[in-house]
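Trainee: Grab the two chains, each in its own frame, and use the hints to assemble them into the complex.
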Amino acid sequence: MCETCGCDGGDAARLTTLTAPGDGPGHAAGHVHVHDPVPVPVHGHGHGHDDGHVVTLGQKVLARNDDLAVRNRAWLAERGIAALNVMSSPGSGKTTLLERTVADLSPDRPISVIEGDQETLLDARRLAAAGARTVQVNTGAGCHLDAAMVAGALAALGPPDGSTVFVENVGNLVCPALFDLGERARVVLMSVTEGDDKPLKYPHMFRGADVLLLNKTDLLPHVDFDMDACRAAARRLCPGLRVLPVSATRGDGLGAWYDWLDEVTAAP
Amino acid sequence: MHELAVTESVIAAISTQLPDSRVVVVHLEIGRLSGVMPDAVRFCFELAGEGTCVEGARLDITEPEGVGDCAACGASFPARDPLALCPCGSADVTISGGADLLIKAVEVADDV
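Here the protein sequences come in this chain order: Y and Z.
No gaps in the numbering here: position 160 of the first sequence is 160 in my numbering, and each next residue is one more.
No gaps in the numbering here: position 33 of the second sequence is 33 in my numbering, and each next residue is one more.
Okay, chain Z solo, but in the shape it has when bound (with noise of 0.2 Å):
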């Protein structure tokens, strides 16, 4: 369940950013091939997130798709798991999006 860490590492983040702020909504990336589970992550934000400046907010997920590059042929194509095959039948493919974890951006109240 490193969903805990990951939830614990955004909010931590953005504690320190934004140490007095109440935030409303963050807006995350977790790419499809990240091997994180958005669902996991929204479960642990609201209990991870109770006391913190996070508290209530919402939580805002995109989840962009994988692409793989052929070294094959050189065509970037959609990647649906880390074993993707490239549509010219290789298997040489190095993963290159969705891959990543980021905290977009956050939106905060300015009632503070």
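Okay, chain Y solo, but in the shape it has when bound (with noise of 0.2 Å):
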């Protein structure tokens, strides 16, 4: 039972609040959940069952979450705050990423994180150490953040107009596809080691990319990976879609993501 307002937070999303070092005492931790539930209109009703009468619904099976993602993205293009919800596998180096992209960029423009995890804060005290004010949502057996959790994740965060929130997904390429957080831009995360047919297995999470970032390119003389042929499987799904290879390690490529970041953060 929460204690704040009565409700069965059982299983909701644990949400824990790391500061950046200097940025000041503050600690808070919570679940995350939503109380209004959104009502969508019963379209009407006919008769067609023995012992009963069929209500026509109509209804989107994820209208509720859809709608929280619409009031994100209202929340943030109010305060000009661009959220980029990042995804990929386990592993590919998107905390790696995000840590040098804090550390790179934050002394010239405030960016906070959400981090999404099953469990363990790890993450967001490598992200505070970096530099970011950091949420951490644990997801509990929650396999991707959804627009609720976000929601409650960005209240307790705060963050200052116009910055840039960035969304770190729980790791699965399958689940967070489906789900909008309000975010501005998607961007997907492989890295080398997984196969350049991965574009091709994994469609839906790679036809909804804003941009594709190819990571660990440090590690190619050692694997078998064709960088063209995995282009060419994400722009199958994705025409248009920019890909960047990168090395989070070593820092190689990451000039061309901070511009991309640039281009997509200016923009209303």
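A couple of the hints might just be wrong.
Said to hold, decoys possible - Selected chain Y positions facing chain Z (in silico; Cβ < 7 Å):
#: 1; residue: H53
#: 2; residue: V55
#: 3; residue: L57
#: 4; residue: Q59
#: 5; residue: S89
#: 6; residue: C175
#: 7; residue: L178
#: 8; residue: P203
#: 9; residue: H204
Unchecked claim - Far from chain Y, by Cβ distances over 12 Å, these chain Z residues were calculated:
#: 10; residue: F43
#: 11; residue: V67
#: 12; residue: S76
#: 13; residue: F77
#: 14; residue: D81
Derived from the structure by calculation, the hints contain no laboratory data.
Just so you know, even glycine gets a beta-carbon here, dropped at the ideal spot from N, CA and C.
Mentor: Put into structure tokens, the structure is as follows:
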């Protein structure tokens, strides 16, 4: 039972705020929940069953999530905040990329992070140490972030107007593709150790991408990975997709990533 | 396993709309290109429905075929996967059907 509001928060995601060094004291924890269910009008009903009646709903299954995502998007737009949904399979290098990005860019622009993992504060600690105010969302059994979790995390984060918020989704190339969070753009990451045919195997994720980062290019001499084949596979799903080869550990190619970030965060 | 979250969304939506009803059948539409597995939803529905207004309800799922629209020749054709090629050979295809997830209707018992 939630002490704040009395709701049953047992299944909800847990939320912990970590401040960046020099950010002053602050620690808040709680669970994420949204109380106002979004009613969708019932469109009418007709009789069609002997011992009951049919109620026509015609409602999108993810209507509630999509409605909350619309609210998140409006909340962010009012404040000129660009939120980017960063997705990949586990171990592709999302946290390393964001650590490096925060360290390189945060002197010039405020960056905060919503960090999604099933368990632990490990990644949030890394990003807070790199200089970003970070909220860790632990989903427990959940395999993706949803718009309600992001709404709760944004409220805890309180990002400044005009800033950039990275949402590091739970490592998973399947489920996160289905859930709109209210983000401005979707960043999909894969590493060259994963195989150049990966986009074809996980089409939903790659079809929705705004940019694809091919990470760990420092390992190219040691793995069998065809950069052109991967690019072609991704573009079969998403024609015109921007594909940027990078090495987050060594820093290769990050200039093009920062240019892309400038472009997407500058647009209203 | 987003099917659990999807199924919970279905149950939450129905519970919100029809809080005091006993639901006997739920009619869902899960498009073949929606990225959701009907069998996994069936599995989750029984578990997640326990103690809710859909407990014991039958799940009726229709699975509309995907539809691709070809930018090259203008034809619409059945698309079996998100990488559909038009019969004319073009890959410049937009998916225009078979990607929806809808709660179409529910059948409610009158004995409540």
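Trainee: List in ascending order the numbers of the hints, as given earlier, that are violated by the structure.
Mentor: 5, 14
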